[in-house]
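Each number in the numbering used here corresponds to the 1-based position in the sequence shown with 401 added.
None of these hints come from the bench; they were simulated from the model. Where hints are given, some of them may not hold.
Below 27 angstroms or equal to it, Euclidean Cα-Cα: the simulated DSS-like pairs (lysine-lysine) are [unchecked claim]:
| no. | residue 1 | residue 2 |
| --- | --- | --- |
| 1 | 603 | 684 |
| 2 | 472 | 718 |
| 3 | 717 | 472 |
| 4 | 488 | 545 |
| 5 | 748 | 472 |
| 6 | 433 | 748 |
| 7 | 639 | 433 |
| 8 | 489 | 684 |
| 9 | 603 | 488 |
| 10 | 653 | 488 |
| 11 | 724 | 433 |
| 12 | 489 | 433 |
| 13 | 684 | 724 |
| 14 | 433 | 488 |
| 15 | 429 | 724 |
| 16 | 545 | 748 |
| 17 | 717 | 684 |
| 18 | 646 | 429 |
| 19 | 724 | 603 |
| 20 | 724 | 489 |
| 21 | 623 | 646 |
| 22 | 472 | 724 |
| 23 | 623 | 639 |
| 24 | 488 | 684 |
| 25 | 433 | 653 |
| 26 | 623 | 653 |
| 27 | 603 | 748 |
Note that the structure is a prediction, hence the values are computed from the model and not measured.
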Amino acid sequence: MLFGKKDSLVGLDIGSRSVKVAEIVDTKSGPKLKRFGMADIPAGTIEDGAISDPDTAAETIRQLFKSSNIKEANVAVSIGGYSVIVKKINVQTMPENQLQETIHFEAEQYIPFDISDVNLDFQLLGEVENNPSQMSVFLVAAKKEMVNDYINLATLVGLTPCIVDVEAFALQNIFETNYDIQGENVALIDIGASKTSLNILKGSSSVFMRDVSLGCVQVNQKIMSLLDCSYEQAELLKFGEASDKMSAEELKQIVAAVVTDWCTEIRRALDFFYTNYPDDQIKRIILSGGGANIAEFRQLLASEASTVVETLNPLKKFTVDEKTFDPEFIRQIAPQAAIAMGLAMRKVDDK
C-alpha cells in the first residue's frame with residue numbers, strides 16, 4: 402500500500418492511549434536513532450483501532466512532531482486488531498502475477514468480511530514441504546474503512562502516508578534488525594494499552610499471528626471500578642502514586658489478576674503452535690509494549706510457558722546520541738518504541 406515518493410520514512414505508531422514517532426538514519430557505523438517522541442492521547446480518541454475523534458488525534462500528532470523536531474512528512478503507519486486478518490494459506494503453485502489475479506478468489510474462503518470491503522496483499526513464502534504442487538502464502542486483509550481512516554488522519558496532520566503496515570510485521574522487522582535468529586523459534590508479544598499482538602516465528606518465517614483485546618488499560622479499569630475514580634487518576638495510581646484510597650498490596654493484587662488473564666490467553670496461542678508443530682520448542686518469548694515493563698507479568702509468563710522471557714531492545718544495534726536522548730528515558734521507553742522503529746525502518750519502495 403504505497404502512496405509517497407521519498408525514500409526515508411518516519412515511523413508513526415498510533416495507539417489507543419499514546420502516539421510514538423521515530424526517525425532513523427543510516428550511517429557508516431550502522432543505523433542511528435535520529436528522533437523519537439511519545440505523547441498520550443486522551444481516552445476515547447481511539448477505541449479498538451477505530452478513530453473516534455480525528456481532530457484530537459491529529460492535534461496530538463501535530464504537537465508531537467513539533468516537540469520532537471521532526472520535519473520529514475513522509476510516514477509509515479500501522480494497523481492491527483480485528484479489522485486486520487493475517488493468515489498463512491496454501492494455494493496451487495503458480496507464478497506471482499497469476500496469483501495477483503486470483504488472490505481475491507483464494508481469499509474469500511478465509512476472510513470473514515465481504516471481500517469488496519477489504520484491501521488485500523500477500524507474500525509468497527515458498528513451496529509447501531512434501532507437496533511441490535502447492536505453495537504457502539501469507540495473506541493480509543485489512544478493512545478499507547480502517548485503512549482509509551488512518552490515511553485520512555495522517556493527511557489531516559499534513560503528513561504523506563507512504564506505507565500502511567501491519568503492527569505485527571513492524572515488530573518483526575525491528576526484531577530481525579536487532580537479533581540473530583539462527584533458526585530459533587521465537588514468540589514476539591506486544592502488550593499495548595488495549596490490545597496484545599502475538600507473532601510466532603519459526604526461524605525467520607511467521608507461522609502464527611493473533612491479536613486479542615487485552616492490555617494495560619485493564620489495570621486502570623479495575624482501579625476505576627474499585628475506587629470510582631477517573632482514568633487519569635487510575636493511571637497515576639497504577640504507576641505507584643501514593644494514595645490513602647488504595648494500598649500497595651491491593652494494587653499488586655489487581656496487577657496479578659490482569660497479568661494472569663494475559664498469560665492464559667498467551668498460553669492458548671502457544672498450545673495452538675505446539676499442536677501444529679509438536680516437535681518444535683519455542684526457545685524464547687520477546688516482550689514489547691507498555692506491558693513488557695511489568696515484572697510480575699514477565700515472571701509469571703516464564704513460569705507458565707517454561708521458557709526464557711525477555712524484553713525487546715529495539716535499539717540493540719542502533720547508535721543513540723546521549724546528547725540528544727536521556728539514556729534513562731530511552732531505556733525505559735525502549736519496549737514501547739519498537740513498532741514505531743520497525744515502521745521507520747521501511748522505505749517508500751518496499752512492498
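How the hints compare with the structure:
Of the pairs offered as hints, the one joining residue 603 and residue 684 holds, with about 10 angstroms between alpha carbons and a cut-off of 27 angstroms not exceeded. Simply put, residue 472 and residue 718 have alpha-carbon atoms about 25 angstroms apart, close enough for the 27 angstroms limit, and the pair holds. Among the hinted pairs, residue 717 with residue 472 is consistent with the structure: their alpha-carbon atoms are about 26 angstroms apart, no more than 27 angstroms. Our distance criterion of 27 angstroms between C-alpha atoms is met by residue 488 and residue 545, whose separation comes to about 18 angstroms.
Restraint check: the Cα-Cα separation between residue 748 and residue 472 comes to about 17 angstroms, which is no more than 27 angstroms; the hinted pair holds. Restraint check: the Cα-Cα separation between residue 433 and residue 748 comes to about 15 angstroms, which is no more than 27 angstroms; the hinted pair holds. Taking the CA atoms of residue 639 and residue 433, the gap is about 33 angstroms. The hint is violated against a cut of 27 angstroms. With a CA separation close to 22 angstroms, the supplied pair residue 489 and residue 684 stays within the 27 angstroms bound.
For the suggested pair residue 603 and residue 488, the alpha carbons sit about 15 angstroms apart, so the restraint of at most 27 angstroms is met. For the hint pairing residue 653 with residue 488, the CA-to-CA distance comes to about 37 angstroms; that exceeds 27 angstroms, so the pair is violated. Distance check on the hinted pair: residue 724 and residue 433 sit about 13 angstroms apart at the alpha-carbon level, within 27 angstroms; holds. The suggested pairing of residue 489 with residue 433 is violated, with an alpha-carbon distance near 34 angstroms, which exceeds 27 angstroms.
Our distance criterion of 27 angstroms between C-alpha atoms is broken by residue 684 and residue 724, whose separation comes to about 37 angstroms. For the given pair, residue 433 sits about 33 angstroms from residue 488 by alpha-carbon distance, which is inconsistent with the 27 angstroms threshold. Proximity of residue 429 to residue 724 is assessed by CA-CA distance (about 19 angstroms); at most 27 angstroms being required, the pair is judged to hold. At most 27 angstroms may separate the alpha-carbon atoms for a hinted pair to count; residue 545 and residue 748 meet this at roughly 22 angstroms.
Restraint check for residue 717 and residue 684: satisfied, since their Cα atoms lie roughly 20 angstroms apart, inside the 27 angstroms limit. Between the alpha carbons of residue 646 and residue 429 the distance comes to roughly 54 angstroms, so the proposed pair goes past 27 angstroms and is violated. Among the hinted pairs, residue 724 with residue 603 is inconsistent with the structure: their alpha-carbon atoms are about 39 angstroms apart, more than 27 angstroms. Distance check on the hinted pair: residue 724 and residue 489 sit about 45 angstroms apart at the alpha-carbon level, beyond 27 angstroms; violated.
For the suggested pair residue 623 and residue 646, the alpha carbons sit about 14 angstroms apart, so the restraint of at most 27 angstroms is met. Proposed proximity of residue 472 and residue 724 is supported: the alpha carbons are some 20 angstroms apart, at most 27 angstroms. At roughly 10 angstroms between alpha-carbon atoms, residue 623 and residue 639 fall within 27 angstroms of each other, so this suggested pair holds. A C-alpha spacing of about 23 angstroms is found between residue 488 and residue 684, which places the hinted pair at or below 27 angstroms, so the restraint holds.
Using a Cα cut-off of 27 angstroms, the hinted pair residue 433 and residue 653 is violated, with the two alpha carbons roughly 38 angstroms apart. Between residue 623 and residue 653 the CA atoms are separated by roughly 12 angstroms; this keeps the pair inside 27 angstroms, and the hint holds. The suggested pairing of residue 603 with residue 748 holds, with an alpha-carbon distance near 25 angstroms, which does not exceed 27 angstroms.
When the structure is compared with the earlier hints, violations turn up for hints 7, 10, 12, 13, 14, 18, 19, 20 and 25 and for no others.
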